[in-house]
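Using the hints provided, position chains B, C and D relative to the given structure of chain A.
There are 4 protein chains.
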Amino acid sequence: MFDSDYLEGCLPEILEALQKTNFEQTSGYGNDKYCEKAAEIIRKLCAREDADIHFMVGGTQTNQTVIASILRPYQGVICADTGHINVHETGAVEMTGHKVLALSAQEGKITAKQIEKTIESHYREDGPEHMVQPAMAYISFPTEKGTLYTLSELESISKTCQKHHIPLFIDGARLGYGLSSPKCDVTLQDIARLSDVFYIGGTKQGALFGEAVVFCNRNLSVDYRYFIKQHGAMLAKGRLLGMQFQTLLENGLYFEVARRADLLALEIRKAFEEKGYKMFTDSYTNQQFPILPNETIKKLKENFSFENWVKVDEKRTAVRFCTSWATTQEQVQTLIQEIKTL
Amino acid sequence: MFDSDYLEGCLPEILEALQKTNFEQTSGYGNDKYCEKAAEIIRKLCAREDADIHFMVGGTQTNQTVIASILRPYQGVICADTGHINVHETGAVEMTGHKVLALSAQEGKITAKQIEKTIESHYREDGPEHMVQPAMAYISFPTEKGTLYTLSELESISKTCQKHHIPLFIDGARLGYGLSSPKCDVTLQDIARLSDVFYIGGTKQGALFGEAVVFCNRNLSVDYRYFIKQHGAMLAKGRLLGMQFQTLLENGLYFEVARRADLLALEIRKAFEEKGYKMFTDSYTNQQFPILPNETIKKLKENFSFENWVKVDEKRTAVRFCTSWATTQEQVQTLIQEIKTL
Amino acid sequence: MFDSDYLEGCLPEILEALQKTNFEQTSGYGNDKYCEKAAEIIRKLCAREDADIHFMVGGTQTNQTVIASILRPYQGVICADTGHINVHETGAVEMTGHKVLALSAQEGKITAKQIEKTIESHYREDGPEHMVQPAMAYISFPTEKGTLYTLSELESISKTCQKHHIPLFIDGARLGYGLSSPKCDVTLQDIARLSDVFYIGGTKQGALFGEAVVFCNRNLSVDYRYFIKQHGAMLAKGRLLGMQFQTLLENGLYFEVARRADLLALEIRKAFEEKGYKMFTDSYTNQQFPILPNETIKKLKENFSFENWVKVDEKRTAVRFCTSWATTQEQVQTLIQEIKTL
Amino acid sequence: MFDSDYLEGCLPEILEALQKTNFEQTSGYGNDKYCEKAAEIIRKLCAREDADIHFMVGGTQTNQTVIASILRPYQGVICADTGHINVHETGAVEMTGHKVLALSAQEGKITAKQIEKTIESHYREDGPEHMVQPAMAYISFPTEKGTLYTLSELESISKTCQKHHIPLFIDGARLGYGLSSPKCDVTLQDIARLSDVFYIGGTKQGALFGEAVVFCNRNLSVDYRYFIKQHGAMLAKGRLLGMQFQTLLENGLYFEVARRADLLALEIRKAFEEKGYKMFTDSYTNQQFPILPNETIKKLKENFSFENWVKVDEKRTAVRFCTSWATTQEQVQTLIQEIKTL
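Chains as they are written, first to last, in our numbering: chain A, 31 to 372; chain B, 31 to 372; chain C, 31 to 372; chain D, 31 to 372.
In isolation and in its complexed conformation, chain A is listed as follows (with noise of 0.2 Å):
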């Protein structure tokens, strides 16, 4: 019941919406005043009332046709070597014929210096049509190992892309979860203000599908939709997007449900950490990734269950825990309790 933040449905109140609107009718493909609103929200809660908001239904294909969007051909995006978009896309950057320019990550991040010296070794006076140019920095906020960008980072690397005249894309699929941990020092409105494109991902905190995209640079907009259509991610019945996101983001419950989430996963962090445990990355969202003995996960999944992560020995292994939206308190304790017995 820890394997990952998908397991269930979505969250009590967004099939309520479905249900008290399921008979209007509504013009389809995200022309709908549901659409509407949920971007007014968005754009509001941004504080960018220039932004440009589009509903896409899952992480992937929003990484796919953002960056086919805004990518010349023979141009490709730079991001960490642990980024979704380098390992567990099948391919979908590449698809579009683009390389994906991989950087050797720190605990899922990369620095605003390697991307600088990424772009420079990719020039060369007399001939840089040799090598692909690299025209976009993509990283994922929080990462795919759980961990966060500080303001700071988050400032020198949107610095470094304004220098080079390439855009910053931030992957939030998790987003909820990385702005309301505690050790967080990046709102909402930071990510706004310091990227040209980043989404807030709806599939992983308790809707039943959704990333909504915001352009806050809307030069890189301009003939989006057709990207979504010629990518097969227009969704006919569009207002199922925009009303899940009118309901998780105008009353806070998007924020509210991933704090408790990451509370829940710091509390299963913490009875590892008593127990003499130590985490595989600094996490302080709603993953976390201790590294057991293989003896001790077996005894674990007799009653819980959780992801193999990475080998790290011949006699370790480390586990993820994940916590969502759906995780109850009962489950957490239960599972502490076991730890404890460890």
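Any copy, or any two copies together, can satisfy a pair, since identical chains are not distinguished.
Listed below are the simulated DSSO-like cross-link pairs for lysine-lysine, each with C-alpha atoms no more than 27 Å apart in a straight line:
#1 K331 x K345
#2 K341 x K147
#3 K328 x K147
#4 K305 x K328
#5 K193 x K143
#6 K189 x K213
Keep in mind that the hints were calculated from the coordinates and are not lab data.
Being a predicted model, the structure only gives us computed values, none of them experimental.
Below, chains B, C and D alone, put in the same frame as chain A:
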């Protein structure tokens, strides 16, 4: 309110199923019991115990992914010039590198003979490699104009495809409306017997979203999940698709509501014909295309909504009236009363 | 010996130039003095001092690379249904993700009006993103059928393209044969004035290989070298291209040999017409397409080689006789003698 | 004059062959007697009577076309991070939709073990479809750093590829320089026995241009001509390629000139080493990479030209000296004299 067949949410039975199962935990990505159950039902209904079933979110996505998964890079897909993939998918097929070989259609349909001629004309003994190789036929059932292939036409097309070793792919975005038409002499089992791959459309027939792809020819689907993922089309909470198709198909709901919509559409057709209006296409399904004087259209639009389809001449336009699972007898009667007064 | 215009090696002047410069050392990839010199000559001949010139190896490569460099992913290129990119390039344009929007051609030509209508029909106020966006017009001069656009036709097409802000691309694989035809009222400077990008074909007009791409609209070529490289089209010893075009163009050799080939072709045409044979197309360039009885073809093939082009009816076939820079007066006279005896 | 191995035109024997056959008429597109003859010679030299041979114009084009013809869309190619396809082809492989899976190389080489580990790490029992499938290994012989795989290394790599049913592709852009090195224990027949497909580079070894692709595994090449055409890589006057390879290979000219260039390069290496300079890589082929103080480089560049390769530290840079079929004994002696004075 007759604009399209995806104006509302979904059949109440589907919302009910979502509600009832909301807190169950299942694996993601379509590896869950609901998808398994729905696949089993489909295999039975199709009398194809060996069929391989996959669930997708929307029609363009399905067309793009299925075609890309089957063709080699230098191959193309034969279709009607009015076919959805040729006209209304923003080049989604070409995006994956393949030419759409569009044939001049009659009433939205192409013939076995046209397909054969196309294959032959693309082959030259001394250098076939200078032309795209036609390697798949795509037809829609019903067509984009609401018309239906007869069983005999389908059998000819299927035979021609087999003779030339190219798969036949049937776009069933509105399959239920087709199979349930009083003029249809084709069954679901015929579709499954005569095609290599087809899909059962959910989006336009009462689901929130969803298309069930049926690979009758299993050789074609061995690596299909890679394509789903790479196209950003793998729904994290895949069970939403399985659950919807289970609900639609296990007790015949899907065909029941389609039949009802077809009959309502035919009442509308009859009303127009009785007033002497010609129909743009000979449709016996849920889409009706009367040719109306522009002034009449203007008048009708005061109380009813429907789409302008094609300009026929300076004074007349073919329009589209669409019924759906959600259309009520009252709505149709009110429309018919108005038609009578024209 | 009348099969095509690329049966032999090259003009002796070119071999001579290669010989003379063989041991010179130059930079690779087109950054050499020969390419520079050839570009300069072309700019002068075109009276476009601002044109950006690039040299490519072959026609399909040039079409694919130019089109891919200009279109955005969801855009398509308008062309004649008989256009080379639509029929004989194995989907090279689609391979790069773009739809070829093929219009019904007359004598290999399309009109300004057809282009305009296509642009308009692909635009819908309430959702243009469901269709490919026509964003370029491609025509061949002369056409694949040997015919020529008149200056007035070219001006109309150019004006329409400008009106709709789409570039006009002219495939000049046989440009010399076109411009040198006695029936041609268009000059090289007209081509350069009326198009945004075009190319001067070398392969079919006496070079070993090579096409000189002329970007009259420099905005279109800022990153073209990236595309050349990415398409595997950047010749290491780029000087071979520059040297050939320098040789062809600096003293008018290119047009001289084309003129000669055209006149020889017209003698062949005249011989057929005097015997009462109809021509398949009204060509005044180096390709002639007489319609001959199948028996006559068989007889002629005993002593001459030429291509069967299109089956006209059960008894007759249009064939192609091609002259080139290498065709001799003797070969043509022998053929004409034989025609007279038919 | 030591900048690269493609500064001059071509071996005089090739120009002579072009001259002698210039007015012969042959079929286009590689269907001619010269290509046939060259293929026959290659098959004999390789002792692979069943090999399928195709001629291409350049290296990037060859890499792109071969890889695209073999991989399915969701598959990737394993290579060294220093591999030409990873670094210097402007994303030509990604352009066709495929991920390049770059492994950390030692001296430009990767190992069988690395390949195996990569394949294993991309497979998960519960969902391999979330990652690109490694489906080909690409290595260069000699490598981009001038180094050579030993026979034993090649045999291990080949065995690993076979075990995992993935083809091995060897980039032989400088194959002759590799096979002719005094330190090489691999023969052309080994290359042909151990790889599924490889090519014999002409461009950098005395041809005007041209790479001969040898499919040892014929299953991989059944539709290769479609790919050549679709990639704009089918030379109209294909005989130019056949004729060059016939000239190079029928009397051993290719290996003779490569051997000579290697020995000259090794003299240069020796001269640097005798003066105490370290080499950046342990190359025994025609490229030598001494690490020199920046001042020394400046001084040497007064009389000689060569490329700066990699900055080693603040004071030193690795540079590249390239010999070729055209390098003379005199040029090398003059350089060596200068080195002695450093």
